[in-house]
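Please construct the entire structure, taking both the sequences and the accompanying hints into account.
In order, the protein sequence lines correspond to chains A and B.
75 is the number that my numbering gives to position 75 of the first sequence; each next residue is one higher, with no gaps.
21 is the number that my numbering gives to position 21 of the second sequence; each next residue is one higher, with no gaps.
Incorrect hints may appear among the rest.
What the hints assert, rightly or not - Pulled from the structure, derived: some chain B residues nowhere near chain A, Cβ distances all over 10 angstroms:
#1 77
#2 86
#3 91
#4 102
Unchecked claim - What the simulated footprint calls covered on chain B by chain A, stretch by stretch (three residues with Cβ under 8 angstroms from a Cβ of chain A suffice, anywhere in the stretch; the number is not a length):
#5 11-20
#6 32-43
#7 56-64
These aren't lab readings, by the way, just hints derived from the structure by calculation.
Ideal Cβ positions, reconstructed from N, Cα and C, are used throughout, including at glycine.
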Amino acid sequence: MKDNNYYLPLTIVFVFFGILLSLQFQAQNRFASDLSMQKTENLIAMVRGLSDKRQKLALEIVDLSSQLSSQLQNYNDEKKVMESITLQMNKLHIVNGSLPLKGSGLIISIEEFMPIVYTDLIYTINELWAAGAEAISINDHRITSLGTISSAEDDYNIYITVNYIKLEYPIIIKAIGDPNNLEKGLTLPGGIMDNLALFNAFPQLEQIDELEIPSARSPFIYYFLKEYKPEEKSGTELVSPLTTRYDSNNNLNPNNVDKGH
Amino acid sequence: MRLVLPIMGLILGAYIGSTLTFQLPAVYIKYMSIAVLASLDSVFGGIKAIMEKNFDGATLLTGFFTNALVAALLAYLGDRLGVDLYYAAVFAFGVRLFQNLAIIRHHILTSFKNIKIFSGDDHERQ
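Structure follows, in C-alpha cells:
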C-alpha cells in the first residue's frame, strides 16, 4: 500500500530539488567566473593577454589617426582643387555668356527715326570690343563669340536681326568696361559716331556706374573641338644627311646615298 | 514509467529556479552546496526505499528538508566555531550517497535479470 503512494512526496521533493540545483548552478557559475576565484597563473596570463591587446589597440589608434590625418589632408587638397576649378568655371561662364553680369559701362541708345543698317551695329560693336568692352548686349541679347548681327526682310520693310531675332526699336546697346574709354573709342574724330552723323544718326551715349547684362539665351555645346598641342621637336632627331649615309657598322648605306653623287 | 511525474517535477523545479531573479550571496554558496548534497542524498535514499518497498512519504519529506537545513546550519556553525564541519558533512553525505547508489544499481540489475529470465521462460513455453 505504501508502494503506490510515492508519487506525490517524490514529486514535491524533486520540485524543490530542481530549484535548489538550478540556484546552486547559477551561483556556482557566477562564483567561478569571479576574478577573485581565479588562479594566480591564469590571472597573470589574462593580464598579459590584455596588455598585449591594449598595445595592439594603441598601435591601431596611432595607425588610424595617421590615416585620418592623411585623409583630412586629402580632403583639404581636394577642397582646394575644387575651389580653383569653381573659380575657373566661373571665369569660363563669364566668358561663355552663361552668367548674367554686372559692372560699370556705357549705354548707347538708337531711336527708330535714325537711319541705321546692321553693318553700323557691327562697326559699333567692333569699336566697343576694341575700346576694351568686356561684355556687350543688344536689347538684352548677349553678344558672344557665336553672336550674329544681320538683316532680314519681309514684304514691307527690312529690319535688323541679332542672333536671328528681329530687333525692336529703341535699340539699346549695353557694354561693360571703362565708361570713359568706351565713350572715347566711339567718339574719336573720324570714328563711328562721326560716320553715323554723316547719315543724320546721333545715338545717345550714357555712362552708367552699374549696368546689368543678361546671360546668353542657350549655352552652346562643343562636339568637335579638341585641344591641339603641337609636338615639340627635340634636337637629337635633327640628323644631318652625312650621318644617315652610314649605318651603325660604318658601312655605306646604299638607301641613304644621294643618287646624284 | 512511474517516474514520469517526479521527473516532470524536477524539470519544473529547474525552470522555476532558472527564472528566479534571486541571487544567492557569494558567502552562502558553500552552505548551499552542502544543502544540495544533503538533498541529493535524501532523494537517492527515497529511490532506494521505493526499490526496497518500504517507502514512506513523510520520512522522505522531513528527511529532505531537515537534512538540507541541518547540513547547511552545521557547516555554518563549524565555520563560526573554527571546526571544518563542512568536510565532515561532505564525507558523511558522500559515503551515504554512493552506498545508496550502489544499492539502487543492485536492485535495478536484479529486477532487469528477473524480467529477462521471465521473458525467456515465456519464450520457452510458447
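Problem set entry | Structure versus earlier hints, numbers of those that do not hold, lowest first | Result: no hint breaks.
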